[in-house]
Amino acid sequence: MEISLIVNGVLKTVHIEDENTPLLWVIRDILDLKGTKFGCGKSACGACTLHVDDEAVRSCSYPVKFADGKRITTIEGLGDRENPHPVQQAWVEEIVPQCGYCQPGFMMATAALLKKVPKPTDEDIDKNIINVCRCGTYYRMRKAIHKAAEIQTEKDSNESNMV
Amino acid sequence: MKLKTWFIFLAISSIGVLLALANSPKIFEYRLLENQQSEIYKSDDAYNKMMDVLTHQRCMNCHPNDNIPKQGNDRHPHYFGMARGEDNKGFQATNCNTCHNSENNKYSGVPGAPHWSLAPASMGWEGLSRAQIAERLLDKSTNGNRSHVELIKHMTEDDLVLWAWQPGVDAEGVQRTIPPVSKEDFKKAVEIWFANGAVIPTK
Ligand code: FES
Ligand code: FES
Numbered sequence: 001m002e003i004s005l006i007v008n009g010v011l012k013t014v015h016i017e018d019e020n021t022p023l024l025w026v027i028r029d030i031l032d033l034k035g036t037k038f039g040c041g042k043s044a045c046g047a048c049t050l051h052v053d054d055e056a057v058r059s060c061s062y063p064v065k066f067a068d069g070k071r072i073t074t075i076e077g078l079g080d081r082e083n084p085h086p087v088q089q090a091w092v093e094e095i096v097p098q099c100g101y102c103q104p105g106f107m108m109a110t111a112a113l114l115k116k117v118p119k120p121t122d123e124d125i126d127k128n129i130i131n132v133c134r135c136g137t138y139y140r141m142r143k144a145i146h147k148a149a150e151i152q153t154e155k156d157s158n159e160s161n162m163v
Numbered sequence: 001m002k003l004k005t006w007f008i009f010l011a012i013s014s015i016g017v018l019l020a021l022a023n024s025p026k027i028f029e030y031r032l033l034e035n036q037q038s039e040i041y042k043s044d045d046a047y048n049k050m051m052d053v054l055t056h057q058r059c060m061n062c063h064p065n066d067n068i069p070k071q072g073n074d075r076h077p078h079y080f081g082m083a084r085g086e087d088n089k090g091f092q093a094t095n096c097n098t099c100h101n102s103e104n105n106k107y108s109g110v111p112g113a114p115h116w117s118l119a120p121a122s123m124g125w126e127g128l129s130r131a132q133i134a135e136r137l138l139d140k141s142t143n144g145n146r147s148h149v150e151l152i153k154h155m156t157e158d159d160l161v162l163w164a165w166q167p168g169v170d171a172e173g174v175q176r177t178i179p180p181v182s183k184e185d186f187k188k189a190v191e192i193w194f195a196n197g198a199v200i201p202t203k
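Note that the protein sequences, when read in sequence, are chains A and B. Letter by letter, the first sequence follows residues 1 to 163 in UniProt numbering. Letter by letter, the second sequence follows residues 1 to 203 in UniProt numbering.
Quick caveat, the hints were computed from the structure, so don't treat them as lab data. Incorrect hints may have been included.
Unchecked claim - Below, a sample of chain B positions facing chain A; criterion: calculated Cβ distance under 7 Å:
| # | residue |
| --- | --- |
| 1 | Cys59 |
| 2 | Phe80 |
| 3 | Gln92 |
| 4 | Ala93 |
| 5 | Thr94 |
| 6 | Thr98 |
| 7 | Cys99 |
| 8 | Ser108 |
| 9 | Gly109 |
| 10 | Val110 |
Claimed, not checked - Below are the DSSO-like pairs computed for lysine-lysine, each with C-alpha atoms no more than 27 Å apart in a straight line:
| # | chain 1 | residue 1 | chain 2 | residue 2 |
| --- | --- | --- | --- | --- |
| 11 | A | Lys119 | B | Lys188 |
| 12 | B | Lys89 | A | Lys115 |
| 13 | A | Lys12 | A | Lys115 |
| 14 | A | Lys42 | B | Lys188 |
Even for Gly, the Cβ is constructed at its ideal location relative to N, Cα and C.
One chain only, chain A, in its complex shape (with noise of 0.2 Å):
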């Protein structure tokens, strides 16, 4: 089967046997994308979040055929170093990482959940960023997506000044 993604902005065509493989395998394993991370592959961790069409999925649990025609996002274009992402900005500003396996997922989480609630409250991170830290950096990670959530407000504010 012939499944054309648009991968970070780029369109891709791949071929691929079972239309049914994870969208995960084809990010990582086809298109060389490794920011992607593999955790459990039964849809509990959140390691493989990346975002189809701006909403989180969880790649492992998602079947590629689903995504043709598509507009995925990974880690890898979500910013980049000379123009961050407000969650990356904020990420190395609270230095949430320790290993940082898990830390790709939770941040497409968080920049998919900013998107829908610019200024989460507590309340909301605790039902949406429902990913696993096997380091524990939660806490970290909460003062990250507030610090985010800033970071975006006054980026709108400056573009919204500009226009």
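Once you've looked at the hints, dock chain B with the ligands against the given chain A.
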């Protein structure tokens, strides 16, 4: 003398019995015609078959009364703190579709069907008796304003309802249990029960 006493006693008793009979209410034995009998039996049977399905965990797990979906045959609360949210589909950024798709996922064991979501809170069945479930099912104020015809359609054609017979494998790769009545028998039971007036037997 003895005989005379007995005669008088018998005569008085007979008069008493006759008077009592004359003043007691008339009791007629009521028998159902044979075809009526079999219809009620069938309808009752249909009700029980339908309820065997509705009270099975495949259905009940998504009809909670505490806004928390349940999982597995032991009906444990959905892991990760997932709950109803505002639209029966979880929270703003983490919702049913973060993990559940329109079909079962055989690799992750995550179940899926079209419009995967919790039943509305008004259709919470957990902890209710069969009769109470049937009442909620029939009450337009709780059933989403559905008529009998719409209920039959929903119960016999909706992909999410019928998912109960194709629940796929769980996270361990083990086939999920299915309701104790076959899909075809359930559909028939629903149709018969409604055709016979949707009578709730205990009422
Ligand atoms: S690897 Fe996808 S949720 Fe754990
Ligand atoms: S930082 Fe190590 S698992 Fe989260």
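Checked hints:
Among the interface hints, the one on Cys59(B) is violated; its C-beta lies about 22 Å from the nearest C-beta in chain A, farther than the 7 Å criterion. This hint holds: Phe80(B) has a C-beta 4 Å from the nearest C-beta of chain A, less than the 7 Å allowed. Of the supplied interface hints, the one on Gln92(B) holds, with its beta-carbon coming within about 4 Å of a beta-carbon of chain A, less than 7 Å. Taking 7 Å as the C-beta contact cut-off toward chain A, the hint placing Ala93(B) at the interface holds, the least distance being around 4 Å.
The closest approach between the C-beta of Thr94(B) and any C-beta of chain A is roughly 4 Å, which is under the 7 Å cut-off, so the hint is satisfied. Hint status for Thr98(B) relative to chain A: holds, with the closest Cβ pair at about 6 Å, below 7 Å. For the restraint placing Cys99(B) at the interface with chain A, the shortest Cβ-Cβ distance is roughly 4 Å, inside the 7 Å limit, so the hint holds. Taking 7 Å as the C-beta contact cut-off toward chain A, the hint placing Ser108(B) at the interface holds, the least distance being around 4 Å.
Because the smallest distance between the Cβ of Gly109(B) and any Cβ of chain A comes to about 6 Å, under 7 Å, the interface hint for this residue holds. A least Cβ separation of about 5 Å between Val110(B) and chain A falls short of the 7 Å threshold, and the interface hint therefore holds. With a CA separation close to 51 Å, the supplied pair Lys119(A) and Lys188(B) exceeds the 27 Å bound. For a cut-off of 27 Å, the pair hint linking Lys89(B) to Lys115(A) stands: about 18 Å separates their Cα positions.
Annotation: proposed proximity of Lys12(A) to Lys115(A) holds, straight-line Cα distance about 25 Å (limit 27 Å). A threshold of 27 Å between alpha carbons decides the hint, and for Lys42(A) with Lys188(B) the separation of about 36 Å lies outside it, so the pair is violated.
When each numbered hint is compared with the structure, violations occur for hints 1, 11 and 14.
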